[in-house]
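S.K.: Residues per chain are reported as follows:
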Amino acid sequence: MNTIEKLAERARELAEREAAGKPAQAPEPTVPPPAAAPPEPRTPAAPPVTAAIAPLIEVDDIAKVFDVSAPWLNRVIERKPRQLLYAVDGVSFSIARGETLALVGESGCGKSTVARMLVGLYRPTRGTVRIDGHDLARLSGKSGQALRRRIQMIFQDPYASLNPRWQVSEIIAEPIRVHRLLARPTDITRRVGELLQHVGLTPADAARFPHQFSGGQRQRISIARALASQPEFLVCDEPTSALDVSVQAQVLNLMRDLQRAAGLTYLFISHNLAVVHHVADRVGVMYLGRIVELAPKTTLFANPQHPYTRMLLDAIPDTAMTGRARTPVGGEVPNPLNPPTGCTFHPRCPLADARCRRETPRLLPTANGAQAACHAVEEGRA
Amino acid sequence: MTDALLEVRKLRVEFPTRHGALLALDDISFTIAPGEVLGVVGESGAGKSLTGAAIIGLLEPPGRIADGEIRLLGRRIDTLPPAEMRRVRGREIGAIFQDPLTSLNPLYTVGRQLVETIQTHLPMTASQARARAVELLKATGIPAAETRIDHFPHQFSGGMRQRVVIALALAADPRLIVADEPTTALDVSIQAQIITLLKTLCQENGTAIMLVTHDMGVIAETADRVAVMYAGRIVEIGPVADVIHQPRHPYTIGLMGSIPSISEDRERLEQIDGAMPRLNAIPPGCAFNPRCPRVMPVCRERRPELMDAGSSQAACWLHDPDVAGARP
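First to last, the sequence lines map onto chains A and B. Residue numbers for the first sequence follow our numbering, so the first one is -6 and each next one is one higher. Residue numbers for the second sequence follow our numbering, so the first one is 65 and each next one is one higher.
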């Protein structure tokens, strides 16, 4: 039984449950996880930072440098130096099969750049991305396409990521055609119908155009398109940021059902810590192109180590906190063109000392099984 | 209520179209007391921004107020001629919008924009106005205000720009500030700074705020009372803690359940199936009835008015003692 048949079965179950008048509320997944996925992908007790079973995704010291210099003639005339923007600078992590790793951070921290490097939309300036042991950059031609079939991406804005001139059927069928998964047009049509059902739409929607759908429905179409090539790994770049909360809940629930049913592995990019808390198994916190803390979700939220993580957690408005008096942290993310020396967080950090201004901290294991890039944490000053 | 700062009664806003008028807001009634923060929440298209726009007199034509009245300190402001409304706006009601870049003029320094606003509303000389502008910038937490005042909006970061916009809104000491998604375009750490700032400034000056946002977390921390909107109507209004922790309307209950929170672990979020109806297809009776898990026959026939439900008010038949068998 392949993944898709399992998905179909799962969708049928959901449909039956709904037809029986029961709202699809908190259903325990009844489909056993596929053999490829580890049996308990959500146990936080599993070895935290490095996954024990061979991870699906291994990212080793990747960096992306953008050249944002003025044009050559201006540089010569105005004697301006070259300007390089280190959008991502030395990021390493791995993701086990069936796991969800979330990257959080404020705008400009490089989380979307990491996402784009993982799907091959950007070529890393340095470092390697391995998927199931294959180097993403080395592969080209047939083997590269075969590997890319296994990775798909869901983008933030469902209004911009669907071609407005294409029918939904063409949008969803494109990955099937490109990867030559099915040949006969009738098969493709049937498959598109199935995929639409998996994401909670109807096969009849295939004939419509994106503008005829609401934001949440469009995001479902994006998910159906991403699933069309039967991927193992989905990179989700702020998939619910453009949606209203009730629609966001629908999409997050759908993504979780799909993960359970098909053993998908997610890299989830978001700036919303509450959403991350809901979806992630492990969380990486990014600041100015680096991961400053990487920890299992429960550890990170219960016992944040890095001062930046603490600040972020302190800053989220939460419905449980009516009337709370907050202590806002001052300062803003510095200009990435001219980042501070040493630890880039030191101008805003309450624990900064001379070493922090001088020396860039490395991501080191901490006492509670997390990893943090902070001199204060390392020295026990935190 | 006579001591209300702002009183909105039976407000109705419609957009005439070729196929008849679209009712965008219907039967909106609420009051804001001096110094109070009223949160207005709802999903996109619920009419929350439109309510704000109607109050500050900035409805985009062809939208128009079809019925009802808006009173500021007892004086009707919805019928004022445009020139007079311009004086009210800025002097008595300040406005803060979502995107700080589009609410500042990129061609003028922030100082010039502040001085212009101050002089329009207050009898001050240019140098007095400039001194006040520096003071306002300092109060909103802009470092080196004396030099920053001569900078252009593009020289400020997003958070700093929003501070300038707040300074502009506060320029003439208004009684009420209508803030439409003031922190939505900002990062969380900056959002926290701006919310705290807005709250302290308004507490110091006794300014009331109507805070329009889709972010329940922001409301929870900032507002005293909250109004929940759905399909152009207020479905629930009450003290913020009650609405969040003991929501009475099934829509509010669903909305609260769908918000992920860092303080609890849930396997699944509650979801309200379906989507909010379009304005041209609002179902008869209660607009929420097709999505409501507790729908009753009466919900499909008659529209519920706001009625008392605990310490809040909810527009739901479940809270009508006369509806048979209905005990919430």
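I should point out that these hints are in silico values taken from the structure, not numbers from a laboratory. Hints may be right or wrong, so weigh each one.
Just so you have them, the derived chain A footprint on chain B, three or more residues with Cβ under 8 Å [said to hold, decoys possible]:
1. 254 to 264
2. 268 to 280
3. 294 to 301
4. 319 to 325
Sample of chain A residues at the chain B side, in silico, Cβ under 10 Å [to be verified]:
5. ALA139
6. ASN328
7. LEU330
Predicted model, so just to flag it, every value in this text is computed and none were measured. For glycine and all other residues, C-beta sits at the position ideal for the given N, C-alpha and C.
S.K.: Taking the hints in turn, state whether each one holds.
M.R.: Hint check results:
1. Look at the region 254 to 264 of chain B against chain A: 6 of its residues bring a Cβ nearer than 8 Å to a Cβ of that chain, three or more, so the hint holds.
2. For the region 268 to 280 of chain B, the assignment as covered by chain A holds, since 3 residues bring a beta-carbon within under 8 Å of that chain's beta-carbons and 3 suffice.
3. Counting residues of the region 294 to 301 of chain B whose C-beta lies closer than 8 Å to any C-beta of chain A gives 0; at least three are required, and the coverage claim is violated.
4. Chain A is given as covering the region 319 to 325 of chain B, and this holds because 7 residues of the stretch bring a CB closer than 8 Å to a CB of that chain, at least three being needed.
5. A cut of 10 Å between beta carbons decides the hint on ALA139/A: the least distance to chain B is about 35 Å, and the hint is violated.
6. Given hint, ASN328/A at the interface with chain B, holds; its Cβ is 9 Å from that chain's nearest Cβ, closer than 10 Å.
7. At its closest, the beta carbon of LEU330/A sits 13 Å from a beta carbon of chain B; the interface hint therefore is violated under the 10 Å criterion.
Of the hints listed earlier, those the structure fails to meet are numbers 3, 5 and 7, in rising order.
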